Amino acid sequence: DTAVSQTPKYLVTQMGNDKSIKCEQNLGHDTMYWYKQDSKKFLKIMFSYNNKELIINETVPNRFSPKSPDKAHLNLHINSLELGDSAVYFCASSPSRLTESSYNEQFFGPGTRLTVL
Amino acid sequence: RKEVEQDPGPFNVPEGATVAFNCTYSNSASQSFFWYRQDCRKEPKLLMSVYSSGNEDGRFTAQLNRASQYISLLIRDSKLSDSATYLCVVNKAGGFKTIFGAGTRLFVKA
Chain A
1 DTAVSQTPKY LVTQMGNDKS IKCEQNLGHD TMYWYKQDSK KFLKIMFSYN
51 NKELIINETV PNRFSPKSPD KAHLNLHINS LELGDSAVYF CASSPSRLTE
101 SSYNEQFFGP GTRLTVL
Chain B
1001 RKEVEQDPGP FNVPEGATVA FNCTYSNSAS QSFFWYRQDC RKEPKLLMSV
1051 YSSGNEDGRF TAQLNRASQY ISLLIRDSKL SDSATYLCVV NKAGGFKTIF
1101 GAGTRLFVKA
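One line per chain: the protein sequences are A and B, in this order. What the first sequence shows, in our numbering, is residues 1 to 117, in sequence order. What the second sequence shows, in our numbering, is residues 1001 to 1110, in sequence order.
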């Protein structure tokens, strides 16, 4: 009955490798997000998709490439991993695109703890 | 100046105490405001939305002051289970991006 799920939960890898994190939501939401939470616990948005369309792309290195095969999935692929990529990555979803008058709650996945050695 | 600022704490309070957190935001056109709670090594979860007129949910009261651009969260009769990090969240005008504060840590002790 998990609402937003991510795999893997832990990912330990060497610098220079390429890795992917998968996210799925079974809430029927239109919008999905990727956030990065660094060692200082600061949660920062990276990408947002609405109905498979990219609507937010923050200043993120192009080594990070999101892919949304359908509106229930938003995967994150990272090329040429660097030490600074070590963080917890959270996927989230909300019912619809956030608007000025919307109070849509975002539902978060359990997070993927990425460690780059 | 950060877009959303919070006192990182930690706040150490005894059970039963009342504790208040403040949060300031820089974009005067911000439209939606929330408090999320994040337990250690867990995902953030919505605690409550913050409405212009202020709102209450049990022991929790949220207030919004648009003129001064700050949001507050008041927790009455603190419980051990309230120990967590409380994240102030602001939705920028235009609606597509949500900004999280760095969080305020609360420890409630017996």
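No lab work stands behind these hints, which were simulated from the structure alone. Remember, it's a predicted structure, so these values are computed and weren't measured experimentally. You may find that some hints are simply not true.
Lysine-lysine pairs mimicking PhoX-like chemistry, simulated, CA-CA at most 25 Å apart [claimed, not checked]:
#1 A:52 x B:1097
#2 B:1045 x A:41
#3 A:40 x B:1045
#4 B:1042 x A:36
#5 A:19 x B:1092
#6 B:1109 x A:19
#7 A:36 x B:1109
#8 A:40 x B:1109
#9 B:1097 x A:44
#10 B:1109 x A:44
#11 B:1002 x A:19
#12 A:19 x A:52
#13 B:1002 x A:22
#14 B:1092 x A:52
#15 A:22 x A:41
Going through the numbered hints above, which ones does this structure break? Give me the numbers in ascending order. 5, 6, 7, 10, 11, 13
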